[in-house]
Structures are given as structure tokens and as C-alpha cells.
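**Student:** Sequence:
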Amino acid sequence: LMGRFRRVLNDLALKEIYLSGRRYTWSNEQSPPTLVHLDRVLCSTDWDELHGECHRRCLASVVSDH
Numbered sequence: 015l016m017g018r019f020r021r022v023l024n025d026l027a028l029k030e031i032y033l034s035g036r037r038y039t040w041s042n043e044q045s046p047p048t049l050v051h052l053d054r055v056l057c058s059t060d061w062d063e064l065h066g067e068c069h070r071r072c073l074a075s076v077v078s079d080h
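Quick note: to get my numbering, add 14 to the position in the sequence shown (first position is 1).
Worth flagging that the hints you see were computed from the coordinates, not collected in a lab. Some clues are possibly wrong.
Stated by the list, open to error - Each computed SDA-like pair below joins lysine to any residue, with the alpha-carbon atoms no more than 25 Å apart:
no., residue 1, residue 2
1, K29, H69
2, K29, L15
3, K29, R54
4, K29, L49
These numbers come from a predicted model, not from an experiment.
Produce the entire structure from the sequences given, and follow the hints as far as they go.
**Tutor:** Written out as C-alpha cells, the structure is:
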């Protein structure tokens with residue numbers, strides 16, 4: 015299933031927008047924590063050429079739980 019998803023991304027020439035500041039987007043807030051990169055944002059190469067300076071930023075969990 016993931017292989018098919020990756021092929022679609024490649025076929026459509028989609029890329030992930032850079033995530034600044036963190037490697038993971040979700041934590042279960044336990045000790046030790048479970049850290050996961052859940053949220054992804056994809057863009058086309060045309061969009062990236064117009065808005066290449068764009069990046070994503072994770073908010074602290076006290077601000078957003080998503």
C-alpha cells in the first residue's frame with residue numbers, strides 16, 4: 015500500500031513541504047513518549063517554484079492538539 019502511495023507521489027511529482035523546528039508532529043505526552051510524524055503537506059513542483067520559501071511549523075501541544 016505504501017509503495018503504491020509513493021508511486022502516485024512520484025507520478026504526480028509531488029513533494030513534501032519542509033517542516034521546521036521539529037522532526038515529529040505528534041506525541042502521546044507520556045514518559046517515554048511515542049513520537050510520530052503524522053501530518054504531511056504536499057505540493058506540486060509548479061507551486062514550489064512560486065512559493066519555495068514556504069515551510070511548516072509545529073505548534074506546541076498546549077496551543078494545538080492536532
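**Student:** Which hint numbers doesn't this structure obey?
**Tutor:** none
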